[in-house]
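Line by line, the protein sequences give chains A and B.
Per our numbering, the very first residue in the first sequence carries number 3; after that it's consecutive.
Per our numbering, the very first residue in the second sequence carries number -1; after that it's consecutive.
To be clear, the hints were calculated from the coordinates, so they are not data collected in a lab.
Predicted, not measured: the structure shown is a model, and the values here were computed from it.
Errors might be hidden in some of the hints.
Computed cross-link-like contacts, DSSO-like style, restricted to lysine-lysine with a CA-CA straight-line distance of at most 27 Å [unchecked claim]:
(1) K256/A with K196/A
(2) K381/A with K211/A
(3) K190/A with K211/A
(4) K582/A with K327/B
(5) K28/B with K571/A
(6) K360/B with K572/A
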Amino acid sequence: MAVPKQNIRNFSIIAHIDHGKSTLADRMLEQTESVALRDMTAQLLDNMDLERERGITIKAHAVKLDYKAKDGENYVLNLIDTPGHVDFNYEVSRSLAACEGAVLIIDASQGIEAQTLANTYLALDHDLEIVPVINKIDLPAADPEGVARQVEDVIGLDCELAPRVSAKTGLNVDQVLERIVQDVPAPKEADDSKPLRALIFDSVYDSYKGVIVYVRIMDGKIKAGDTMRMMATGAEFTVVEVGYMRATSMEPAKELTAGEVGYITASIKTVGDAQVGDTVTTAQYPADEPLPGYRKVNPMVFCGVYPADGADYENLRDALEKLRLNDASLSYEPETSGALGFGFRCGFLGLLHLEIIQERLEREYNLDLVTTIPSVVYKIYLNDGSVIEIDNPTHYPDPANISYCEEPLVDAHIYSPQEYVGAIMDLCQDRRGVFKNMDYITPERVDIHYLLPLNEIIYDFFDVLKSRTKGYASFDYEIADYQRSDLVKLDVLLNGDTVDALSFIIHSEKAYAKARKIAEKLKEHIPRQMFEIPIQIAIGGKVIARETVKAMRKDVLAKCYGGDITRKKKLLEKQKEGKKRMRHFGTVEVPQEAFMAVLKLDE
Amino acid sequence: MNKIGLYIHIPFCKSKCPYCDFYSLRKGKKDYESYVSSVKRSLKMWAERTEKKADTLYLGGGTPSLLGGELISEIVLAAKESFGCNGEITVECNPSCIETDFFKRVVDAGVNRVSLGMQSAVDSERKKLGRLADVKAVERAINRAFLSGIENVSVDLMIGIPDQNEKTLAQSLEFCAQSGVKHISAYMLKVEEGTFFHENPHKFNFPDEDLTADLYLQMVNFLETEGYSQYEISNFAQQEYESRHNLKYWNCEEYLGIGPAAHSFLNGKRFYYPRDIQFFENGEEPVSDGDGGDLQEYIMLKLRLKDGLIFEECKKRFSDFSETEYIQKAEPMLKAGFMKLDDKSLAITTRGFLISNSIIEKIVY
């Protein structure tokens, strides 16, 4: 049954992590009877295992809900769920751009937290109407009125009508639906007669239909048979099907019109052809201008990904190919390492993206992986006047040929309560940041603006920031220019042999401290072996840190278990199996944990 | 026909020691009697199944001495009746539960070797190990065994006891040498799952890897000078007093184990009774553990012995055996002094014994 445009509400839910975003979404699905109770698993929208486990949304999702409001009218509520991490800020911004409103959830026991603010500002940037909702009022520590006052003071949102709910029990969730209907505006200037402009806010690969493109129609309309054109890439496809996303199925429709949220399929082979942020128009009646905000997403962080067992190389390639179908921001190309054999150089949006891909490879594709230290793209200016870009320390040229190096910077904004300004500035200083300015957003909250080298933030910056500010600071960055920098390459030598997979590029000022830490970590994580293992960290030929893994003293089954020979044999076999999973560098066996430990050095 | 070893497990103890993961239960006299009947039935049953006779008998536990001289004698006599058992007959004893005439009675039945679960001659260490008797009781037990005509007395010694150090170990070693025992089994404590030590690791100060290794070397040196030569990783004996029964395990020879948790190797098959006394007393069949006695296993076991892998012996058993491959694999260990090679054999040195798992793994796989 068609619903008039003024009865469409497009909205996102935004919240600090764990404030109940997915639970509230589930209740809304239930209360609009979009999903039968028997199909409810907790947090239906987070349908990757990883999302459920980490409590974060990685991919955006959307679902169309039918709602009969208290005014007796039928409404269409399009819920667009958004990812919640700085690595995916661009995706978040595209999802928000597809909405007119946002439900802002605040935990009644915790109040405003870092992401509450960061997300609110993002939503305000997109001119969204914000519907505050105070959640978890069933908790003993809940203080809904106090939190309401806080929201009024800090964000300036009127909370008089903000529903006080328990998403867990479903209490007052109906009020949230009512507020969406009342407060979120209907799509503005939605004109079916204009040329089509549809914003892609996500795309998913499906093995039957090809890429399913999730869109918000801003102007015009689209139907099966139309020739769709991607305005950024120019690619054209014949539309096979259009329709709506339901909670548990796809519902084909005759056409999608201005103001609506839906999907398009057109036998598109890769998600790279339907990039998030691009504008879809039609070849027959093209729009002049794409929608604003499109940005080609480039991988920022690179690392080598190798199968722990060389025999899995083909499987790894297949797995990467499949993940790439669904994730245009993942890049990979084959590379070889003396230490690790055949593998791939992969590019990611950030470290979380890297971790997610790695975990999905391990879990969904059952692969045992070794990953190398992440790197950014450095520009190396050689004495002969040429420039090379390297994302792999192995390709670092002979220092004698280098004139100078450049590294990428980011323009970073950190939002935080003002009492943490000192701690944040210490951290940024420590990460070679250059202070730009600081603004007071409210008397209590500041926006600290720094230029930071990207390689200083790819490992753990966000984690450290959170821990130093008790989770209150949020962080956002944009890639800025390259800057000349005094870089060196650190090599790790085990028993005198360079382990290429452990080499990395670092600012010279930090080289000594880092080298010492690496040596210590390796010593800690490489088990004692039959022979002593010298660990050396070197710049060029010069060793700047060393440690020794002492030779093993005791590894013996002394006790005689009567005649239980099988047990002895099994223990030996187990030991052998354990060693199989290690990497062999000459006679040295290095467990994967040692790589991971070096990778996560600063934790 | 070759003679087998016969092992009988006595799964009873007065109390459970914090390091022990052997199968043992706390029961009463009636249960002992019923268990002895089950053992006798089982002996008869096995004697009917196999023509083979035994030349060693070993009563292990648990605490066999807890059963008392009469019941032990009953078992020994029954074993002799079924399997001959004309050679070494050992009973494990806990110094805290040996009745006065225990040794006299069992000697009459044919027992000629006693293994005493001493673990340490330092009372504070004995306490930590849950050993109920003090070191004087150990001394008395040894002397009583001698007086009863058992000259072949062995004691167990443990390395890696919480708070153990060079001094306390020296005390235990002195005690062994002066007591006149003929054989010492010296095990390095391994904290096994399910034991009190395993569940309460923070309560104890276990010597670290380096100290434990040093203690081991201290022990080997001391015992060698006192006339106890090492013949296996954990076993030391005066000449001619090596344990014949235990040598069967390491020589990959046949043995039959009776009782819950007892393991057997017979006619190329390994099998065992589960850790369940009821299962055994019900007369259930043991559980298969697959084939045994292949070259891999043989080498693994032989390398535990001081004499190591003797090429001629090995060729007799495995006609296509060639030592070249193994000598090649041993190369780095030979260079480092963890192994030694002559034209007759390849063996692990004392230093190598400490890391024998790694060595054996490299040789065997």
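Here's how the hints hold up against the structure:
{"no.": "1", "hint": "K256/A with K196/A", "result": "18 Å, holds"}
{"no.": "2", "hint": "K381/A with K211/A", "result": "41 Å, violated"}
{"no.": "3", "hint": "K190/A with K211/A", "result": "32 Å, violated"}
{"no.": "4", "hint": "K582/A with K327/B", "result": "17 Å, holds"}
{"no.": "5", "hint": "K28/B with K571/A", "result": "38 Å, violated"}
{"no.": "6", "hint": "K360/B with K572/A", "result": "15 Å, holds"}
Checked against the numbered hints listed earlier, the structure breaks hints 2, 3 and 5; every other hint is satisfied.
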